[in-house]
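Listed below are the residues making up each chain.
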Amino acid sequence: MTMTQQDAAAEAVPASADGEGHLAEHDATVREAHRRAIGDVMLEVDNITLRFGGVKAITDVSFNIREHEIFAIIGPNGAGKTSMLNVINGFYHPQDGTITYKGNVRQRMRPYEVAMGGIARTFQNVALFRGMSTLDNMMAGRLTKMHGAAERAFDKSLADIPVVNFLTYPFFWTADFLMDAFYWGPYQKEEERHRRRVEEIIEFLEIVDIRRTPVGRLPYGLQKRVELGRALAMDPQLLLLDEPMAGMNVEEKEDMSRFIIDVNEEFGTTMALIEHDMGVVMDISDRVVVLNYGRKLGEGTPDVVQKNQDVIDAYLGVSHDRPG
Amino acid sequence: MTAEASTAGEAGARSPLSGLTGKWWFWAAVIVAVFAIVGLDVWGLDEDAENHKAILSFLGDGLVGFLKAVTEPVALFWLKLGFAIETSMTGLLVGVLYSLVALGFVLIYKASGMFNYSQGVMVLFAALTFVGLTEYGIPVILALVMAVGVMILFAIVVEFLILRHLVNQEQIILFMATIGLAFFLEGFGDTIWGSNVKKIPLDLPSGAMDWLTIGDWNVQVQWLDISAAATGAVMVVALAVFFNKTRIGRALRAVADDHQAALSVGINLRTIWIIVWSVAGIVALFAGIVWGAPSGVQFSLSLIALKALPVLLIGGFESIPGAIVAGLIVGFGEKIAEVSWGDSLGGGIENWFAFMLAMVFLVIRPQGLFGEKIIERV
Ligand SMILES: Nc1ncnc2c1ncn2[C@@H]1O[C@H](COP(=O)(O)OP(=O)(O)OP(=O)(O)O)[C@@H](O)[C@H]1O
Ligand SMILES: [Mg+2]
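Just so you know, the protein sequences line up as chains Y and U, in that order.
Heads up, the first sequence is in this note's numbering, so the first residue is 1 and it goes up one at a time.
Heads up, the second sequence is in this note's numbering, so the first residue is 1 and it goes up one at a time.
Calculated from the structure, these hints are not laboratory results.
Because the structure is a prediction, the values reported are computed rather than measured.
Accuracy of the hints is not assured; some may be wrong.
Label pairs and their calculated CB-CB ranges [unchecked claim]:
hint, chain 1, residue 1, chain 2, residue 2, range
1, Y, Asp96, U, Asp190, 48 to 54 Å
2, Y, Thr98, U, Gly194, 45 to 51 Å
3, Y, Ala153, U, Lys245, 48 to 54 Å
Going by beta-carbon spacing under 8 Å, a handful of chain U positions derived as facing chain Y [unchecked claim]:
hint, residue
4, Lys23
5, Thr246
6, Gly266
By construction, the Cβ of each residue, glycine as well, lies at the ideal position given by its N, Cα and C atoms.
Just need the whole structure built from these sequences, with the hints factored in.
Set out below in structure tokens:
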């Protein structure tokens, strides 16, 4: 439980050094060739219904997300997209339906448990630790992966003995805590190991020069990028992005699209993203699900969805800044 | 000035003087002016009576008279340098303890947005528990460890019975909950340990250290003050390291900045709350022991929370360095005030001076010493 294979795998991947002109080459065929093969179902959403008092935010929605794919959730305002992410990530608990993650039906889970299980996310309204620097924000993304030497020893020896584990754990915890506080040997190594990974991601996202800046002072576009960085620092298996390009100009959108594609290709991260810009959605996603008034309108590849009459009606029927 | 401020987009509850009062040079100028006037007034008399008279007639006797009454004792006080240093030292040493108590508040406020009204009672309860245990014949060290254990247990119970049920509630509701907690804890401590005054069974250092001699004044500092301040300083430094340098500290800062985001990176809020309340409990324990050492553990101990309030107002509710510096300012300030103006105002200044000071700071820097400038958009 200390260090997942994912961790190790991620560390083996070298940080992207190039990073120039990716998007230009990314017409569909080139991309398919590069992208990791889409695998089995990773997350299954079955007949989810979510109510807030009398309001039905989600009604009987099902879809699944496969390994390594970029999955888009689209729909007009108030369709229930964010609520869906909140259900997946454990902020909301649906009244009905099940979620199956990596083959196991999930019991009611709290958000931090979901995060420990390898699901990271970003928020529609940037939710960063405003008082901290970029670096600290991203290190916070690795908090749950950091374990002291004493805790490792505990895991190897006493963790499985009932009662004893409960009684002795505080001592191991305290030992780690002290090593941490005094930045002593083993702990220093642990910190450095995680710091290295975070630096890789910082380079990857091209935010090297704002490493030390308190994020509250950054422009909006960069904040969104730091938020992506913090999620990536968790080395997630599934990454949920809630409108990663909202409020960005064309150039920033292109950058963000490129990062999303690069992350998917280089780390193999599965992604579910909400996006209003249909151009972007069609460009980068493998499959799309469309929600409207909390119900599923359609699902499929971008081409198929784009031609779906229900979808066209929904988008034309609702006043919207960018109809598909 | 006001017009300029509002066009810049920062309107709202700012004092009309805020344009000037935010500037350090304004205050420097005021202080220099006041001392110049008083200086000329006090010392200029013998040497240059003409000059003195000129200033008097220039400003009018009323203003000078007032300024003189206020500033002369301070000036005279500093003339007795040895005595001044001794008083300042005593004030600063007490200030360390104010910082410590204020830090208990700050930690909880940062992590849960809760102004913990029960902090003062926690001080009393923790100290009572420690002394109570020793009265059963338990060795001091063991009793200390057990008291720490009790405070951790208390944190767990508070999280389990209160905090987890009040997530996302209004601040006033959280505040009310801590008021309830304070009353409960007070009664509970009373029931278990009784309400008699308890002596702390520690061999306290007594007497005073001869520090230095200035003129004919022998500067002395009480060993009791020194040891209390040393304990407090160690705790304060430990807390600062804990908060800024450790993994848990980082998690804590994350929670303080954004609950949702903290949850999304896998931080367990409940664990953090337990840790924060435990730390606040341990801080309370040490504060209680140190504070109760001279006069015994009794109900009045819970009133030191009252001392922390002005410290928080000056330093800002969310700032650890703010609490530390503000504690020192209050400790130092109230001692000086007592010695300078105590006679003319009839003593007892220490009881309200800190609040006066806090009011002044509220007008000048409503965001606290190190707080970010609050800019309201309208
Ligand atoms: N915490 C909540 N309490 C009550 N109602 C909620 C809550 N969260 C969402 N809703 C309701 O659920 C519905 C779906 O909201 P949701 O935020 O999921 O929409 P969305 O598709 O993300 O829209 P947008 O494109 O505007 O972000 C809305 O009617 C909203 O008012
Ligand atoms: Mg939304």
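Going through the hints against the structure:
no. : hint                            : result
1   : Asp96/Y - Asp190/U: 48 to 54 Å  : holds, 50 Å
2   : Thr98/Y - Gly194/U: 45 to 51 Å  : violated, 56 Å
3   : Ala153/Y - Lys245/U: 48 to 54 Å : violated, 23 Å
4   : Lys23                           : violated, 23 Å
5   : Thr246                          : holds, 5 Å
6   : Gly266                          : holds, 3 Å
Consistency note: the structure conflicts with the earlier hints numbered 2, 3, 4.
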